[in-house]
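Mind assembling these two chains? They're in different frames, but the hints should get you there.
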Amino acid sequence: MSDFDDRLRALDPAAGQPYRHPDFEGMIARITSQGVAAPSHVWRRFQVKMASALAASALVTVGAIAALQGAGTVLPLLALQSARHVAAPDSLKAIYGTMEIRLKYHFTASPELTPTTPVGLSYALIIPSDVSTEALRIAAVFGVTTTPLTISGSNNSQTITDSSGRSLDYERSGLPQWYYSSTSPPVAPATASDTSNAVLPSHATLESDVRSVLTKLNYGYSVSSPNFSTATISTTSAGSSTPVSINTESVTYTVDVNNVATDQSIDFSVDANNNVVYASGPAFSVASTSTYPLQSPAQGVAALNAEQQSGPLSNAGASSTTSASPASPPIVDVSVMSVSLSLATYQLTDGATWLLPVYDYVGETTNANGISSNSNWYELAVDPSYVQVSSNSSGIGTGGPLIY
Amino acid sequence: MDEDRFTRLVREHSPAIGNYLRRRLYPLTPADLDDLVEETLLVVWRRLNDVPPDAELPWMIGVARNVLRNAHRSKNRRLASEAKLPPPRDLSSAEEAVIADTTVREALRSLAEDDREFLLLHAWDGLDTHELGKLYAISTNAAAVRLSRAQRRFRKLLGATEND
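Residue numbers (this note's numbering), protein chains in the order written: chain A, 1 to 404; chain B, 1001 to 1164.
So here's chain B without its partners, still in its complex pose (with noise of 0.2 Å):
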C-alpha cells in the first residue's frame, strides 16, 4: 500500500522535484542532480504518512528545498575553505539561459528575494497560491497578496530598466 502510493507520488511528482532541483542547481553541478531527487524521494519515503494528500507537491518541494539547501551549504563551506580560482569553462549551465535577457537578468537580481522565489515558484514551478501557501505555512490569501506584490514589483523594475 505504502509502496504504492510512493510509486505513484514519484511518477506524478518527480519530474517537477527534478526541475525545481535543476533550476536552482549552482554552485552544485549536474551530476548532483540525480543524487539530490534521489535523497528528496527517499525523505519522502521516510515520512511518507506525513505528505498531505492535498499538497503533495508542494510538500515535496519542501523537501528538495531542504535538500538544496544543506547540499549548498555543504558546497558554499568546502568552497570557502579551498578559496581557489575557478575552473575553466567547461559544461554550459542551465541558468545562463536566464542570462541571455539582460533587462530580465537585472530586473530578477534587483528583486528582494522572497519576491524572486514566490515569482519564479509560480512561472517556473507551477505552483498556484493553494500550493506557494502550503509551502510556506501561510495563508492562500497572504500567498495571493504576496505573490501579486512581488508581480508588480518585477514589472516596475523590469520597466525602469528598460527605459535607462
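Just chain A, same shape as in the assembly (with noise of 0.2 Å):
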C-alpha cells in the first residue's frame, strides 16, 4: 500500500469505532415483525423532523419565476438541475454527501481581481443517441474488435469485451464517458511506483497516439495543458490471479471547447511498447452556442460566500430540531488571488446537458502552523438572472422539469 493509501486510510472518520445497533435482537425483531408492504416507521418519524421544508422550497421556486418571467428576459432562462456542475455521470453525482468536509469557507476578493468579459459563451451539447451504436463505434477506434464479442449492459451503459480480453464501456447518465482497458481487471491496478524501469514512449509519441484517436473519435472537442506521468502499475488480467508489472506512460489532458478549458478530461496510459493501456474522456459534440451575461468575478465571490451561509448546497451552518447538533465547522479564511473563465457541465430539468461559463478562481488559504496552500473554486459565471435552480437540487438526485 502506498503513502498516498497509508494516509487517506489513516484518515478513515469510522476507523476503530465498529458500529453496532445499541438494539441489535430488538431492531430486527421490530423490522421481521412487518409485512412487506408495511410503511416504514423509521422514514415516517424522519419525514415528520423534516417535513416543514417541502412547501416553503416550492414557494420560493415558483416565486423566482414569476419574477424572472415578468422581467422580460429575451435569452432563455437556464433551468438547472441543480447548481453544482455534473463533471460526472448522474449515477455517481447522486450519491451527494460522499464526505462533506466539515469546514466554512470566508472569501476575501483582491483588489486586483481582474474583470473578465461581460458576456461568456455556453454551449448546449449533443449526445450520441444509441448507446450500443456510440460504443461499438467507439471499441472500433480502439480496435476491441477480436470476435466473438462479448456485449452486456442496458440502456444507459455498454461493455463490449473481445476475444483478446480488450473492453470497453461506455456510459451514458450524465455526460456520457467510455473507458477503454486493453485487459479485463478484476481488481483495481494499483501503482506499485512513480518511477518506471522499462525505457517508454515520448511524450511526442503519446502525444500523437492520442490525437489519432481523437480524430478517429470525431467528436470535434480539443485538448490542451497535458500533464504526463510515469508508473509502474500492478495489474491483473481476466483470468488470472497473478498480478503483473507494468511499466506506463499516461497523460491527462484538459477538454477544450472553443479553446475554452471545461470541466472534462482525457486520460491515456500507454506501455512501453506503446500500447493504449487504459484510456478514457467523454462522449458529446457541440449542438449550439448561446451569448449569456455574465456576473463580475466580485459578484461570483459573493455568490461563493452566500453558498456558505445558506446551508443547502454546503451543508455548512445547521441548526437542528434533534436532541444533538452537527458541530459548526472552524472557518477558514481564503483570499482569492486569481480567476480565469473556463466551461463547466451543467444539466437542465429538460435533460438537455450545456457547458457553462464558470469563474474559476485560485484562492490562498493559511493553516493554523501558518503554511500556505493554494486552491481552486468555482462559481457559476452567468448572470443570476438568467438562471434558475430546481428547487428539488441539493445536490442530490435530479430535480422535476420547469417549463418556460
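Incorrect hints may appear among the rest.
Derived Cβ-Cβ restraints for the label pairs, each shown as a range [to be verified]: (1) B:1050 / A:9: 25 to 33 Å; (2) B:1002 / A:205: 58 to 66 Å; (3) A:24 / B:1048: 16 to 24 Å; (4) A:9 / B:1048: 27 to 35 Å; (5) B:1050 / A:208: 42 to 50 Å; (6) B:1159 / A:111: 28 to 36 Å; (7) B:1156 / A:272: 16 to 24 Å; (8) A:24 / B:1050: 19 to 27 Å; (9) B:1156 / A:378: 16 to 24 Å; (10) B:1011 / A:140: 42 to 50 Å; (11) A:17 / B:1002: 24 to 32 Å.
For the record, the hints were derived by calculation from the structure and aren't laboratory data. For each residue, glycine too, the CB sits at the ideal point set by N, CA and C.
Put into C-alpha cells, the structure is as follows:
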C-alpha cells in the first residue's frame, strides 16, 4: 500500500469505531415483524422531522419564476437541475455527501481581481443517441474487435469485450463517458511506483497517439494542458490471479471547447511498446452556442460566500430540531488572488446538457501552522437573473422539469 | 428461512452499513445514525428476494446511499427554509478527523465528486472493484479503470498541494 493510501486510510472517520446498533436483537425483531409492504415507521419519524421544508421550497421557486418572467428576459432561462456542475455521470453524482468536508470558507476578493468579459459563450451539447451504436463505434477505434465480442449492458451503459480481453465501457448517464482497458482486470490496477524501470514512449509519441484517437472519435472537441506521468502499475488480467507489473507513461489532457477549458478530461496510458493500456474520456459534440451576460468576478466571490451561509449547497451552518446538533464547522479564510473563465457541465431540467461559463478562482488559505496553499474554487459565471435552479436541487438526485 | 437469511445479512453487514452511514452523516447528527441503519435494514427486509447473493454488501450500501440521500435532502430543505445561524459547537464529529490533515483535505476537496466517492468507497468502506461495479451497475473493468483514475488524480492533487 502506498503512502498516499496509508494517509487516506489513516483519516477514516469510522476507523476503530465498529458499529453495532444499540438494540440489535430488538431491531431485527421489529423489522421482521413487519409485512413486506409495511410503511416505514423509522422513515415516517424522519419525515415528520423534516416536513416543513417542502412547502417553503416550492414557494421560493414559484416566486422566483414569476419574478423572472415579469422581467421579460430575451434569452431563455437556464433551468438547472442542480447548482453543482456535473462532471460526473448522474449515477455517481446522485451519491452526494460522499464526505462533506466540514469547513466553512470565507472568501475575500483581491482588489486586483481582473474583470473578465461581460458576456460568455454557453454550449448546448449533442449526446450520442444510441448507446449500443456509439459503444461499438468507440470500441472499433480502440481495436476491440477480435471476435467473438461479448456485449452486455442496458439502455444507459454498454460493455464490449473482445476475445483478447480488450474492453470498452460506455456510460450514458449525465455526460457520457467511455473507458477503454487493454485487459479486463478483476481488481483495480495499483500503482506500485511513481517511477518506471523501462524506456517508455516519448511525450510526443503519446501526444500523437491521443490526437490520432481523437480524430477517429470525431467529437470535435480539442485538448490542452497535458500532464504527463510515469508509473509502474500492478494489474491482474481476466482469468488470472497473478498480478503483473506494467510500466506506463500516462497523460491527462483538459478537454477544450472553442479553446476554453472544460471540466472534462481525457486520460491515456501506454506501455513500453506504446500499446494503449487505459484510456477514458467524454462523448459529446457541440450543438449550438448562446451568449449569456456574466456576473462580475467580484459578484461571483460574493456568491461563493452566500453559498457558505445558505446551508443547502454547503451543508454548513446547520441547525437541528434533534437533541444533538452537528458541530459548527471551523471558518477558513480564503484570499482569492486570481480568476479565469472555464466551462463546466450542467444538466437542465429538460434533460439537455450544457457547458456553461464558470469562474475558476485561485484562492490562498493558510493553516494553523502558517503554511499557505492554493486551491481552486468554481462559481457559475452566468448572470444569476438568467439561471433558475430546480427546487429539488440539493446536490442530490435530479429536479423535476421546469417549463418556461 | 427468510428470517435466517435476513439475520445473517444483518450480522455480517450491519457494521459496514453503520460505518458507511457514519462517514457521510453530516449535517445529520450521531443521534440519527441508528435510525438510518434501521431504515436501511428495513428496506433490505422488504426487498430480501432482490438481494443478489454475489453482491450483498454493495447492494445494501446502495440502499443505505438512497436512505441517506433522502435524509440529507429532507434535512437540507429544512435548513434552507429556516436559514438560521449555526448552533453552538457542542459535539465533536467524526469528519473532524479528516480536517486534521490539511493537505489531504484540500486534495480531497479538489477532487471531482465521483472520483472522491470511488476513492473513499475503496479506501474506507473496503469495496473492491467487483463490488464497486455492482454498486454502480457498471462492469468490473469500468470500475477498475475509474478507481485507478481517481487514485492517480488524488495522488497528483496531494503532490501539488504539498509542493505549494
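These are the hints, each one checked on the structure:
1. The given range of 25 to 33 Å is respected by residue 1050 (chain B) and residue 9 (chain A), whose C-beta atoms sit roughly 32 Å from each other.
2. For residue 1002 (chain B) and residue 205 (chain A), the Cβ-Cβ distance of about 59 Å falls inside the hinted range of 58 to 66 Å, so the restraint holds.
3. For the pair residue 24 (chain A) and residue 1048 (chain B), the beta carbons lie near 18 Å from each other, so the given range of 16 to 24 Å is met.
4. About 32 Å separates the C-beta atoms of residue 9 (chain A) and residue 1048 (chain B), a value consistent with the hinted range of 27 to 35 Å.
5. Separation of residue 1050 (chain B) from residue 208 (chain A) is about 49 Å and conforms to the stated range, judged on CB atoms against 42 to 50 Å.
6. One distance hint, 28 to 36 Å for the beta-carbon pair residue 1159 (chain B) and residue 111 (chain A), holds here, with the actual separation near 32 Å.
7. In this structure the hint that residue 1156 (chain B) and residue 272 (chain A) lie 16 to 24 Å apart at CB holds, the actual value being about 22 Å.
8. Roughly 24 Å separates the CB atoms of residue 24 (chain A) and residue 1050 (chain B), a value that falls within the hinted 19 to 27 Å.
9. In this structure the hint that residue 1156 (chain B) and residue 378 (chain A) lie 16 to 24 Å apart at CB holds, the actual value being about 18 Å.
10. Checking the proposed 42 to 50 Å range against residue 1011 (chain B) and residue 140 (chain A) shows it holds: the Cβ atoms sit about 49 Å from each other.
11. As the Cβ distance of residue 17 (chain A) to residue 1002 (chain B) is approximately 31 Å, the hint placing it in 24 to 32 Å holds.
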